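Asks: No gaps in the numbering here: position 98 of the sequence shown is 98 in the numbering used here, and each next residue is one more.
If you are wondering where the hints come from, they were derived from the structure by calculation, not from laboratory data.
Some hints could be false.
Here are the computed lysine to any residue pairs in the SDA-like style, where the Cα-Cα straight-line distance is at most 20 Å [stated by the list, open to error]:
#1 LYS15 - LEU25
#2 LYS189 - LEU263
#3 LYS10 - TRP290
#4 LYS189 - TRP42
#5 LYS10 - THR134
Just so you know, these numbers come straight off a predicted model, no measurement behind them.
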Amino acid sequence: MDTPNPRTIKQRLMKGFGATALGPLITAAIQLGPVPFLVHSWGAAKYGDWLVLSAIPSYLSLCDLGFGDASGSDMTVRVAAGDREGALRTFQSSWALLLGLSLMVFLVTASLVWWFPWQSWLHLSSLSSSEAATILFVFASYIIATQQNGVLESGFRCDGNFATGTFFIMVLRFVEAGSALGVGILTGKLLYVALTYLLIRIAATIAYGLLLRKKSPWIKVGLQHADKQRIKELLAPAMGFVALPLGYAISLQGFTILIGTLLGPVAVTMFSTLRTLTRFNFQILNVIGWTIWPELSSAFGAKNIPLARRLHRHAYQAGLAISVLSGAFLWLIGPTLYRLWIRHAVAFDASSFHILILVTFANSLWYTSSVVPMSTNAHHRLAFSLVAFSTLSVLMARLLIPALGLPGAAWSLLLIDLLMIWLVLRTSLRQLEDTFTQFVSGVFSIPRFWTPAPRSSLDSK
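Please put together the full structure from these sequences, using the hints given.
Replies: Now the structure itself:
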């Protein structure tokens, strides 16, 4: 096996990091920027209605059965092993299933969403049940359109164009949010905001497919190479990728809905804004994880375990350092930033804020390592464990919120990450043929990843 060119890997990582690094900036702009404008324009209660309604359709993001991420890892491994034909079969098989599921979810949503008493169930203060149903239907359509991008992104990822595909999506998110903010301020209509997201996403998805065709002509969008056997092979890892967003949805949107039900829309706004500010660290970890994901898949596809081991150690090292620094900064400066940001529209809960900082730090101790099994579709157990732990945390919050208020929700969130730390590290180190002692030693050493080295040094642990 040929030794990989460190310069080539470095260039791909730098381009991928540059594109993905836009994510936290754009996410911060999307999550933080509109809040003071919309809270001022709509009021805290109406903005709380928006948060609750936009949380519910996120569960439909599971409708692709995780085949976007599963196909991305599978295709990258196959391309690294020289099997483009197999990668194309994976791509079109995933696309075939996604189209069928999207149609099914669309029809079910269109049939059922109108029949529920959303206003009383969600304690909405500014919308009737029929108005809420219309917004939910538009959001469901938006999620379905968004899911098409998942399989398309796998085509960019596997063929060395991860940075290009990621940059496109980042720009798209910014355009969506900026346009929706303008519509929201000008009209004050939640429905018009939802429609803005939908129409822009549909047009952008078409453009995304055309860009993939230009960058990688061999990856053809179609169904002629779809393979039932390949779909069956992808089912297990795909179910694992279903479990991951389900676990995150339970811990994010599940808590939003629970707090709204128990404490009302103003409390939702308070907790959501506190959590958004403290989760900036998670956005940076996400950058690191997404950047090394395709390189880990390529390393495993080429059977270069030493390279995969070094990628993991240095990514974990960077994530840990960033988590400590950002956590300390928010602990000291966060309250002032929050008051400047929200402009006293809602009260600042110091207890919840400090607990949520601990939550993000605990998350940093396992999140980066979880990319290792995901890069080879070997993440099933971890994903279903995340669902179980997230469900347990919601049940715990149901008991603690009436007694402790919002801090009860924050303590419940911490439970998830404490349970995940050892489980994820043990799984990742086993796959990397690394030991805990050597891993810790590598994390706390001075990084020299790009120093030219002979093959023997790459093989060392």
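Asks: Would you mind marking each hint as holding or not holding in the structure?
Replies: Here is what the structure says about each hint:
As the CA atoms of LYS15 and LEU25 are separated by approximately 16 Å, the hinted pair is consistent with the 20 Å bound. Pair hint LYS189 plus LEU263 does not hold up; C-alpha atoms about 25 Å apart against a cutoff of 20 Å. Simply put, LYS10 and TRP290 have alpha-carbon atoms about 15 Å apart, close enough for the 20 Å limit, and the pair holds. For the proposed pair LYS189 and TRP42, the alpha carbon gap of about 9 Å is at most 20 Å, so the pair holds.
The suggested pairing of LYS10 with THR134 is violated, with an alpha-carbon distance near 48 Å, which exceeds 20 Å.
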